[in-house]
Amino acid sequence: MKARVHVMLKNGVLDPQGEAVRHALGALGFEGVNGVRQGKVIELDLADGATEADVTAMCEKLLANTVIESYSVETL
Amino acid sequence: MYAAVVVFPGSNCDRDLAVAFEAAGAKVSMVWHKDSALPDGVDIIGIPGGFSFGDYLRCGAIAANSPICRSVADHAKKGGYVLGVCNGFQVLTETGLLPGVLLRNAKLKYICQTVGLKVETSASEYTKGYNAGDVINIPIAHHDGNYFADDDTIARLQGEDRVAFTYTDNPNGARADIAGILSENRRVLGMMPHPERAADVGHGGTDGQALFRALSRALITA
Numbered sequence: 001m002k003a004r005v006h007v008m009l010k011n012g013v014l015d016p017q018g019e020a021v022r023h024a025l026g027a028l029g030f031e032g033v034n035g036v037r038q039g040k041v042i043e044l045d046l047a048d049g050a051t052e053a054d055v056t057a058m059c060e061k062l063l064a065n066t067v068i069e070s071y072s073v074e075t076l
Numbered sequence: 001m002y003a004a005v006v007v008f009p010g011s012n013c014d015r016d017l018a019v020a021f022e023a024a025g026a027k028v029s030m031v032w033h034k035d036s037a038l039p040d041g042v043d044i045i046g047i048p049g050g051f052s053f054g055d056y057l058r059c060g061a062i063a064a065n066s067p068i069c070r071s072v073a074d075h076a077k078k079g080g081y082v083l084g085v086c087n088g089f090q091v092l093t094e095t096g097l098l099p100g101v102l103l104r105n106a107k108l109k110y111i112c113q114t115v116g117l118k119v120e121t122s123a124s125e126y127t128k129g130y131n132a133g134d135v136i137n138i139p140i141a142h143h144d145g146n147y148f149a150d151d152d153t154i155a156r157l158q159g160e161d162r163v164a165f166t167y168t169d170n171p172n173g174a175r176a177d178i179a180g181i182l183s184e185n186r187r188v189l190g191m192m193p194h195p196e197r198a199a200d201v202g203h204g205g206t207d208g209q210a211l212f213r214a215l216s217r218a219l220i221t222a
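First to last, the protein sequences are chains Z and G. Take 1 as the starting number for the first sequence in the working numbering and just add one per residue. Take 1 as the starting number for the second sequence in the working numbering and just add one per residue.
For reference, chain G alone in the conformation it holds in the complex (with noise of 0.2 angstroms):
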């Protein structure tokens, strides 16, 4: 698996979802956000927590804007795998890579906790290595992690079996508890909280693992 992780200014999780990717096998690229080009091969990128460019406008408006943002839409559009984490969740819904938005916590308070998370599908590369109803602890850390999108869209996420995992007790007011979400194709993931966060026994938690390791032996390059 060759992965490349996007690195805007004021990424703050680059590191530490390339460490993520690392350990479970990956060749891993960082790349600037200026940059107009992926490297040839990536099969993987990952689009890292943080507050690009200080959330202005709104969380992930500008940093959907940027050079590297059109490069990750081609690679998406032709099948690639992305992978976006919290602020990168935000990007992807910016970008239109995802429907929906996530808007401010209903209480309006940055939360920095460990939630329980169901795992609503294993049907991708990301979640087969779960069971579907499995429980997980994986860390959230944001501000604006609560997932809007209009009926109909909620409805077709559900329908079509594209919510990949849901708060088990909702700690931002997100539409249908949703945490993460998969594109129409099921290659694209966006989710608020950080895998990368419980993937090693240092971090208190290793229940982000099982994501990693999946698509690690999913992806492998010859």
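This is chain Z alone, in the form it adopts within the complex (with noise of 0.2 angstroms):
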């Protein structure tokens, strides 16, 4: 099994680099970008038998800090 977890920060955790993206965005003329997130994508690449149920423990115990990040688990 294959697995891509997706992590971002939570809603209200101030993403200093999604700003700064934003901000260079502005800057090379793209206008009206009201909001830019900056996460993770980390792919997995499991023995048979790996459930996702595996995948999201690997995201509460390492993959994602759960104080400020939130995770998303798409099978492949």
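Just so you know, these hints were derived from the structure itself, not from any lab. A couple of the hints might just be wrong.
[As the list claims (entries may be wrong)] Simulated pairs of lysine to any residue, SDA-like, Cα-Cα distance not exceeding 25 angstroms:
no., chain 1, residue 1, chain 2, residue 2
1, G, Lys107, Z, Glu52
2, G, Lys107, Z, Leu25
3, Z, Lys40, G, Tyr110
[To be verified] Stretches of chain Z that chain G covers, calculated by requiring three or more beta carbons in the stretch to come under 8 angstroms of a beta carbon on chain G:
no., segment
4, 15–28
5, 57–71
Positions of the beta carbon are idealized from the N, C-alpha and C atoms, including for glycine.
Join the two chains into one complex using the hints; note that each chain is given alone, in its own frame.
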């Protein structure tokens, strides 16, 4: 099984990197970008028999810090 | 006082921390991240600054899951002392021994300068060499020192007198100007500023000495 994990800062947590990207887009002349949030995508190549629950456990233990980040799991 | 300083790949303040402990009279052992056990009789563990595992994934996240960190957590749960400085503070939040997390600095810049720190409490073995309200000068050197926790956690830290140090002029966006916090039993301290870099006249400042000396007085081993 392959899985793709999306990790994003939770709403309400300031994302200074996203803000910097938004400013840079404005400087390049792209108008109307109201907000940018930057996250991570982690792709996992898993042995047969792995389950989505395993991936969720990986997210809780390591891949995301749930104090500030939310995650979603996509199986491929 | 017997101190163990943990060394991860990418630690770079391990020796400075060991020297500061030694100058205060401690015996010091260096402990490698792959070691699963601490030396017998360790009173305090120092988690040093640096860039453990290249700050991959999140600062401190890989280090927090290394074999030695299980022993660090056991030591803390038994009431042992743990001091985490800079990357060490990040590791302690990732292990869950301290609440909150250190985010990227609000202005996205790596900051290396001496800052004013207000001692918020003298009620810990780390801070009792100071008076609450003292302002001391200690260097910072970090890219991810922006302390974040939810409102309830911040209120609890303040209500339980667990904020050890605040910045007099917040350099990184940390909530409530927090520079360092204590665990519930006040024996685990995490702080972004580097007291070990202000512990010798050759450093250009000695305001960090009192922290190591107070620890040494408190943790006299038989």
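Structure-based check of each hint:
no.	hint	in the structure
1	Lys107/G with Glu52/Z	violated (37 angstroms)
2	Lys107/G with Leu25/Z	holds (17 angstroms)
3	Lys40/Z with Tyr110/G	holds (21 angstroms)
4	15–28	holds (count 3)
5	57–71	holds (count 6)
The structure is inconsistent with hint 1 alone, although it conforms to all the rest.
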